[in-house]
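Residues per chain, in single letters:
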Amino acid sequence: MNAEFDNNPGHMPPPDHLPPPGSPVLQARGLVKRYGRVTAIDGADFDLRSGEILAVIGDNGAGKSSLIKALSGAVVPDEGEILLDGKPVAFRSPMDARKAGIETVYQDLAVAPAMTIAENLFLGRELLRPGMLGTLLRCLDKPRMLAEATAHMQSLKIGIRSMKQAVETLSGGQRQGVAVARSAAFARHVVIMDEPTAALGVKEGNMVLELIRRVRDRGLPVILISHNMPHVFEIADRIHVHRMGKRAAVLNPRRISMNDAVAVMTGALAVEDIPPECHA
Amino acid sequence: MTPFLERFPLVRHIGTLGPLIALLGACLFFASQSPRFLSGQNFSLILQQVMVVGVLGIGQTLIILTAGIDLSCGMVMALGAVLMSKLAVDTGISVPLAILCGLAATTLFGVINGLLVTKVNLPPFIVTLGTLNIAFAINQIYSGAQTVTDLPDGLTALGNTFSLGDVAISYGSILMLLAYAASWFLLRETAPGRHAYAVGNNPEAARLTGIATKRVLLFVYGLAGLSYGVAAMLSVARTGVGDPQAGQTENLDTITAVVLGGTSLFGGRGSVLGTLVGAVIVGVFRNGLTLMGVSSVYQILITGILVILAVTADQVSRKGR
Numbered sequence: 001m002n003a004e005f006d007n008n009p010g011h012m013p014p015p016d017h018l019p020p021p022g023s024p025v026l027q028a029r030g031l032v033k034r035y036g037r038v039t040a041i042d043g044a045d046f047d048l049r050s051g052e053i054l055a056v057i058g059d060n061g062a063g064k065s066s067l068i069k070a071l072s073g074a075v076v077p078d079e080g081e082i083l084l085d086g087k088p089v090a091f092r093s094p095m096d097a098r099k100a101g102i103e104t105v106y107q108d109l110a111v112a113p114a115m116t117i118a119e120n121l122f123l124g125r126e127l128l129r130p131g132m133l134g135t136l137l138r139c140l141d142k143p144r145m146l147a148e149a150t151a152h153m154q155s156l157k158i159g160i161r162s163m164k165q166a167v168e169t170l171s172g173g174q175r176q177g178v179a180v181a182r183s184a185a186f187a188r189h190v191v192i193m194d195e196p197t198a199a200l201g202v203k204e205g206n207m208v209l210e211l212i213r214r215v216r217d218r219g220l221p222v223i224l225i226s227h228n229m230p231h232v233f234e235i236a237d238r239i240h241v242h243r244m245g246k247r248a249a250v251l252n253p254r255r256i257s258m259n260d261a262v263a264v265m266t267g268a269l270a271v272e273d274i275p276p277e278c279h280a
Numbered sequence: 001m002t003p004f005l006e007r008f009p010l011v012r013h014i015g016t017l018g019p020l021i022a023l024l025g026a027c028l029f030f031a032s033q034s035p036r037f038l039s040g041q042n043f044s045l046i047l048q049q050v051m052v053v054g055v056l057g058i059g060q061t062l063i064i065l066t067a068g069i070d071l072s073c074g075m076v077m078a079l080g081a082v083l084m085s086k087l088a089v090d091t092g093i094s095v096p097l098a099i100l101c102g103l104a105a106t107t108l109f110g111v112i113n114g115l116l117v118t119k120v121n122l123p124p125f126i127v128t129l130g131t132l133n134i135a136f137a138i139n140q141i142y143s144g145a146q147t148v149t150d151l152p153d154g155l156t157a158l159g160n161t162f163s164l165g166d167v168a169i170s171y172g173s174i175l176m177l178l179a180y181a182a183s184w185f186l187l188r189e190t191a192p193g194r195h196a197y198a199v200g201n202n203p204e205a206a207r208l209t210g211i212a213t214k215r216v217l218l219f220v221y222g223l224a225g226l227s228y229g230v231a232a233m234l235s236v237a238r239t240g241v242g243d244p245q246a247g248q249t250e251n252l253d254t255i256t257a258v259v260l261g262g263t264s265l266f267g268g269r270g271s272v273l274g275t276l277v278g279a280v281i282v283g284v285f286r287n288g289l290t291l292m293g294v295s296s297v298y299q300i301l302i303t304g305i306l307v308i309l310a311v312t313a314d315q316v317s318r319k320g321r
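Each protein sequence line maps, in turn, to chains A and B. With my numbering, the residue at position 122 of the first sequence is 122, and numbering never jumps. With my numbering, the residue at position 32 of the second sequence is 32, and numbering never jumps.
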């Protein structure tokens, strides 16, 4: 049903054309999105650099989810442009963004619980048998999917014994691990994670944070949307603060305090009053 | 405090093993009650008795796996059966062409169900309640409520038998088994089959992973329609007539078979082979109770109890997850 994925190797090695760290990967300039009289995105800029985890924080209603939807193709902006590797792109749907190598992990654990881990990893992009069996009958290459799922989960150090287990037998953290692993396997440019730890306990949340770090270390930049400030400060390289529909500041989590970051987010602290070394 | 039934680990696996255990248990019981039960000839008879519901049950399973339901399957089958026989008898077109028209008509009905579910976003229960009545009415108008008789031999050929040792097996039951093998392969081994499970299991996740969920549903409803056409061929072959009143009990009998086979009405869990076991369970009970001289009303009573037990097992095993 998705012919374009039929030859996808599935288990993606780290991207081989790694751009130098710090070079721009995904950018947005002057994005605007209006819903009737409500302006959800009001001239927002955005910069994701290679090799980093960029946290996006913002109060409820600040428009960060609209921004993320625009970047992942779920919303088409009215104005402004999005650049991927410096080239303008126009996503009409989440599928367009995926084809361009941007994968999204959703907070509500987007997995099929009754299906196996291997099936979930390859859901919608199954590996097919070579020859007529694959092209005509769309027969699955189960041994290859199993082998690649095992290799991929091992490379991300997700300790699950059998890929033939149903996802519903896993803990919440392991389930999110499957969702993250799926995105990391197919993303060629960017992984977007929308509140990946929101539904998890402390220990499980830390497990997923560690996993996010591993995804970055394999060369994929990560956009992390989170309300959990300790998590943000633990793993983000830079923090994009979204306020009133646009980017208010980009902060350096190693310089600014958690309280000040929240103050900027809520407007209690003016951006001009932040010491210059706290910007990133 | 865990509910009583859930304390037994075995109960949680009953969804997968239960149907087979129930079937074996029933066979043992009836074998002890009637010496005529345990014979090849009797099992061949049971297969012939369940083949129409069995093949209808394939389509019903496909749809229930996507968390839908089809109330119209028996009526659509009856329409296909009358169309095949009437075309062959009245217009004199060749038997294969008449069968092809019947298959096309039932598939079209399936596609219409699918379009209403996917494009108009109506619940499958309501859509198929509507098409149930529409198919019934069209069938009565088209046939003038008259049974079509004097069918050409070709249309009843599937009712013929061949001998395996001293057992006579009908071609129709072989066709049913082949249809099960094909649908089992489709659901287990191909991408569209796995997508059908995913759509039933978590439609939102399926959509987010890029599965064209509406196309999957349309495919499933269309394929179900085709299976009703195959069931129509079997019904014509078995009864020797094109009966516009056929299919009325089959509508719900298929759901009974699916549920007894351990497929969840909530979608995403179950298998088409379970439905075959479920259909055979009903067949075995009817056959065995008849051999014991139990009146048919009690057979219906027991079928009802079995269905409720099966759904209870499904509920309990769902909670265990």
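Treat the hints as calculated values from the structure; they're not laboratory data. Only a predicted model underlies this, so the values are computations on that prediction, with no experimental measurement involved. It cannot be assumed that every hint is accurate.
To be verified - Here are the computed lysine to aspartate or glutamate pairs in the EDC-like style, where the Cα-Cα straight-line distance is at most 16 Å: (1) A/Lys203 <-> A/Glu234; (2) A/Lys164 <-> B/Glu204; (3) A/Lys157 <-> A/Glu210; (4) A/Lys164 <-> A/Glu195; (5) A/Lys142 <-> B/Glu189; (6) B/Lys214 <-> B/Glu204.
(request) Against the earlier hints, flag every one the structure doesn't satisfy and list their numbers going up. (result) 2, 4
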